[in-house]
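> The lines below spell out each chain.
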Amino acid sequence: MTMTSEPSGLPARKFRERYPLLALILQRLGLSAVLLLAVSVLIFAGVEALPGDFATTYLGQSATPQAVENIRSQLGLDRPVTTRYFEWLGNALQGDFGTSWASRNSVSEQIGNRLGNSLFLAFFAALVSVPLAIALGMVSVHFRNRVPDKVINVISLAAISLPEFFIGYLLILFFAVNLGIATFPATVFEGMSFVDRLKAIALPAATLVLVVLAHMMRMTRAAILSVMSSAYMETAELKGLGAFRAIVKHAAPNAIAPIVNVVALNLAYLVVGVVVVEVVFVYPGMGQYMVDAVTVRDMPVVQACGLIFAAFYILLNMLADIIAIVANPRLRHPR
Amino acid sequence: MPELLSIRNLKIEATSYPPGEPPKRVTIVDGVSLDLEKGKVLGLIGESGAGKSTIGLSALAYGRGGAEITGGEVLLDGQNILAMGKGGIRKVRGARVCYVAQSAAAAFNPAHKLGDQVIEASVRHGLMTREKARERALYLFRVLGLPNPEGFGDRFPHQVSGGQLQRAMTAMALCSNPELIVFDEPTTALDVTTQIDVLAAIKHAIEETHTAALYITHDLAVVAQISDDIMVLRHGKTVEYGTARQIIEEPRQDYTRALVNVRQTGKEEAQDQSGTLLKVENITAGYPNGFKVLHDVSLHLPKGQTLAVVGESGSGKSTLARVITGLLPPLSGTVTFDGKPMSAALSGRSRDDLRRIQLIYQMADTAMNPRQTVRDIIGRPLTFYYGLRGAAKTARVKELLEQIEMASGFVDRYPAELSGGQKQRVAIARALAAKPELILCDEPTSALDPLVAEGILKLLMRLQEESQLSYVFITHDIAIVRAIADSVAVMHRGKLVRFGQKRTVLSPPFDDYTDLLLKSVPEMEIGWLERVLATRRMESAGN
Chain B
1 MTMTSEPSGL
11 PARKFRERYP
21 LLALILQRLG
31 LSAVLLLAVS
41 VLIFAGVEAL
51 PGDFATTYLG
61 QSATPQAVEN
71 IRSQLGLDRP
81 VTTRYFEWLG
91 NALQGDFGTS
101 WASRNSVSEQ
111 IGNRLGNSLF
121 LAFFAALVSV
131 PLAIALGMVS
141 VHFRNRVPDK
151 VINVISLAAI
161 SLPEFFIGYL
171 LILFFAVNLG
181 IATFPATVFE
191 GMSFVDRLKA
201 IALPAATLVL
211 VVLAHMMRMT
221 RAAILSVMSS
231 AYMETAELKG
241 LGAFRAIVKH
251 AAPNAIAPIV
261 NVVALNLAYL
271 VVGVVVVEVV
281 FVYPGMGQYM
291 VDAVTVRDMP
301 VVQACGLIFA
311 AFYILLNMLA
321 DIIAIVANPR
331 LRHPR
Chain V
1001 MPELLSIRNL
1011 KIEATSYPPG
1021 EPPKRVTIVD
1031 GVSLDLEKGK
1041 VLGLIGESGA
1051 GKSTIGLSAL
1061 AYGRGGAEIT
1071 GGEVLLDGQN
1081 ILAMGKGGIR
1091 KVRGARVCYV
1101 AQSAAAAFNP
1111 AHKLGDQVIE
1121 ASVRHGLMTR
1131 EKARERALYL
1141 FRVLGLPNPE
1151 GFGDRFPHQV
1161 SGGQLQRAMT
1171 AMALCSNPEL
1181 IVFDEPTTAL
1191 DVTTQIDVLA
1201 AIKHAIEETH
1211 TAALYITHDL
1221 AVVAQISDDI
1231 MVLRHGKTVE
1241 YGTARQIIEE
1251 PRQDYTRALV
1261 NVRQTGKEEA
1271 QDQSGTLLKV
1281 ENITAGYPNG
1291 FKVLHDVSLH
1301 LPKGQTLAVV
1311 GESGSGKSTL
1321 ARVITGLLPP
1331 LSGTVTFDGK
1341 PMSAALSGRS
1351 RDDLRRIQLI
1361 YQMADTAMNP
1371 RQTVRDIIGR
1381 PLTFYYGLRG
1391 AAKTARVKEL
1401 LEQIEMASGF
1411 VDRYPAELSG
1421 GQKQRVAIAR
1431 ALAAKPELIL
1441 CDEPTSALDP
1451 LVAEGILKLL
1461 MRLQEESQLS
1471 YVFITHDIAI
1481 VRAIADSVAV
1491 MHRGKLVRFG
1501 QKRTVLSPPF
1511 DDYTDLLLKS
1521 VPEMEIGWLE
1531 RVLATRRMES
1541 AGN
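Residue numbers (the working numbering), protein chains in the order written: chain B, 1 to 335; chain V, 1001 to 1543.
Hints were generated in silico from the structure; no laboratory data involved.
Source: prediction; values computed, not measured.
Quick reminder that beta carbons are idealized off the backbone N, C-alpha and C, glycines included.
Watch out, some of these pointers could steer you wrong.
No more than 20 angstroms apart at the CA atoms, straight line, and that leaves these computed lysine to aspartate or glutamate pairs for EDC-like [what the hints assert, rightly or not]:
no., chain 1, residue 1, chain 2, residue 2
1, V, Lys1011, V, Glu1047
2, V, Lys1040, V, Glu1240
3, V, Lys1458, V, Glu1047
4, V, Lys1495, V, Asp1191
5, V, Lys1086, B, Glu237
6, V, Lys1091, B, Glu237
7, V, Lys1086, B, Glu234
8, V, Lys1038, V, Glu1207
9, V, Lys1113, B, Glu237
10, V, Lys1203, V, Asp1228
11, V, Lys1203, V, Asp1191
12, B, Lys249, V, Asp1154
13, V, Lys1292, B, Glu17
14, B, Lys249, V, Asp1116
15, V, Lys1091, B, Glu234
16, V, Lys1398, V, Asp1376
17, V, Lys1086, V, Glu1068
18, V, Lys1237, V, Glu1068
19, V, Lys1011, V, Asp1035
20, V, Lys1113, B, Glu234
21, V, Lys1091, V, Glu1179
Beyond 10 angstroms from chain V on every Cβ pair, some chain B residues (computed) [as the list claims (entries may be wrong)]:
no., residue
22, Leu35
23, Ala67
24, Leu115
25, Val282
Could you build all of it, start to finish, from the sequences and the hints given here?
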């Protein structure tokens, strides 16, 4: 870092005063790394603490103490916990999550495929839900406390109140069973054409959109409303500016930070929280992979999935933080 | 000659939602009429709730927070702007009539540069090209005496001081060459030493551009410096309307007379210097980030007397109070109370130490829990220090209410149901409940209207006489110092620049800062501003 080039005094402090923005961003990056490390410990410890183990599950009724012991030593489970943790962490940092106990395949390879599917689904759900949520939020600000606002509110609340598996089954019932215009199950496979893939994910993506829409919409509405009641919006109105210009030019820049935060939280949910939706629609993504691994105590897979989910969560929230920092003129232009 | 602005029988109403009662319509402004010629300034004066801002905003056909103009006419050059419709009103706002808000800090958008905001209305209304508007902004920055006018427009609101922001807001209003500007308490939030500069800048700019203005304030001394005519308002009605000279020199109504004569009381200072209650020695204090707020401050206060601490915002006066109470342990120095050294930190003080020193804050609003009744608020110290509960507590609360001249019926009220003055009285009763020997008053009257503030000061003086209370009274208002203090400490940038008996401190020879401070306090006299500015020019010419 450039800190060392400071001639004298307290270099860290000076750096912070000179480049508050850069310092804050570096701080966020550092914090994220520490957080991820802490999560890795938690995941490893949590998996260790789970009752029952792979050997007994795998061997079932025929488990003799000797057979269990053999499998344990085969998998290296007889070594101390700390050794195994650092070995796992070191390999994970290089992208190697070990071998699946159940299938004996490389976890990284399998995950690569599954993660791609999950991201594909999340991306299209986000592509629809984020602009829709923000637009609906703005519409409901414009018509606040009038009929359109209330209709949007009621529908989005209903969507968020229903469990996602229920919404999923409802959509299947209407669009796949009754109307027959959608595909179910949402299985995708290698060599499938892009259009077919899109068709396959239509229902799960719609389910996800319905689940995350309300939260983002309501936060957008609240963020813009709180900005709208500020004195500078009155200034804009008393300058004789039109409603559209006032919202776009004067309200939006100040509402970015809270909106970005809730969008990031929901994007993270789209990646991390798809477990149920993937199971409902039999979609071969990360969520289903993890659920399968948990049922057979396939620990390397569970750990890898947990760590990747955590990484996504932290990454997206860090991005939101950084965008909020950059959007703040006080930090961008220090005194 | 046709009037530029002519308001006829204005009536403005709003719906209020009193807690626990059905909503009701209230009349904010009732039957007000006024006339303003081109290039003249009309001052609107009154206490809060008098409807003066509401009348000012009606010149832009705007009702703030649900206020609705329900009757009368607002004629701009003979045209009723209330009948213009949305599009027509938009063409008036920001082009022909502009508005300067009380808090420029809140009224500027933090996300945009000052220059862009200043020229926005002129450019959007198609009154001038961007280049022309920039030139005009630069000219106005110069007229208003802003530092480095060429670079000023490129700065963001948080990068300049409060006084500069207020001037920038004036530049924003003047930029489109409007016929009328509404100034809504443009100097109320500023220190006196800053206020005089902004006032002079506004006056100069108005003369330079021949713009007419409505100047709204609660400070008669300020409005006397800038207005041709003055209208006194109370409860939404006109009390008196006349030329500035007539209102100041020959007020006809009792209410106006009270406003003119407010704070002309003085107090003979106590001479007795024995029996020191509070002694502060060599206090240096600051915050954990290394920023020092107080530098080597020493002062003392005899029993039963009042020490006024004066200075502008950021001078460290509130920090001194925090050090005395133990809320902020100083970096060095000692606080001695009644001959006994006090622990620097709050945790090292006994319950009785805490009881003997109480605090009253500037904003009674935020210093009280809005979900507690007056009984709970005043009763809390009674339970905490004296273990009073139930009927005994209620009886004592009623006694305290009587002491602060409030009826016992107030025990079950919530803060939201009290006026500003009543809230501050309850805060005083809460402090009294502990039976303290010293009360630290942190600007307890600066958020109140002059007449209400006077009532609070009289109450504090009466309590002092009755029970030998001592006060450290923090204020930025010299008139209050004259009215209540025995000794005075003048603070500037964290240092004590002057300390002693009131008479000595407020008499020449002065140090530079005290001189500036005393000369900046507006006096209830036409032509005061010109006189001060003329002396300043002579002094700077003499240098």
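> Work down the list of hints and note, for each, if the structure agrees.
Going down the list of hints, with the structure as the test:
1. Lys1011(V) with Glu1047(V): 19 angstroms, holds
2. Lys1040(V) with Glu1240(V): Measuring from Cα to Cα gives roughly 18 angstroms; hence the hint holds.
3. Lys1458(V) with Glu1047(V): Given that 20 angstroms is the threshold and the Cα spacing comes to 19 angstroms, the pair holds.
4. Lys1495(V) with Asp1191(V): Roughly 17 angstroms separates the two Cα atoms, so the pair holds.
5. Lys1086(V) with Glu237(B): This hinted pair holds, its Cα atoms lying about 11 angstroms apart.
6. Lys1091(V) with Glu237(B): 11 angstroms, holds
7. Lys1086(V) with Glu234(B): 16 angstroms, holds
8. Lys1038(V) with Glu1207(V): 12 angstroms, holds
9. Lys1113(V) with Glu237(B): Status holds; Cα separation ~18 angstroms.
10. Lys1203(V) with Asp1228(V): 12 angstroms, holds
11. Lys1203(V) with Asp1191(V): Holds, at roughly 18 angstroms.
12. Lys249(B) with Asp1154(V): Holds, at about 17 angstroms.
13. Lys1292(V) with Glu17(B): Roughly 17 angstroms separates the two Cα atoms, so the pair holds.
14. Lys249(B) with Asp1116(V): Holds, at roughly 11 angstroms.
15. Lys1091(V) with Glu234(B): Given pair Lys1091(V), Glu234(B) holds - Cα atoms ~16 angstroms apart, limit 20 angstroms.
16. Lys1398(V) with Asp1376(V): 12 angstroms, holds
17. Lys1086(V) with Glu1068(V): 15 angstroms, holds
18. Lys1237(V) with Glu1068(V): Within the cut-off at roughly 16 angstroms; holds.
19. Lys1011(V) with Asp1035(V): 16 angstroms, holds
20. Lys1113(V) with Glu234(B): Within the cut-off at roughly 18 angstroms; holds.
21. Lys1091(V) with Glu1179(V): 13 angstroms, holds
22. Leu35: At roughly 25 angstroms from the nearest Cβ of chain V, Leu35(B) sits farther out than 10 angstroms, so the non-interface label holds.
23. Ala67: 62 angstroms, holds
24. Leu115: Check passes; 38 angstroms lies beyond 10 angstroms.
25. Val282: 47 angstroms, holds
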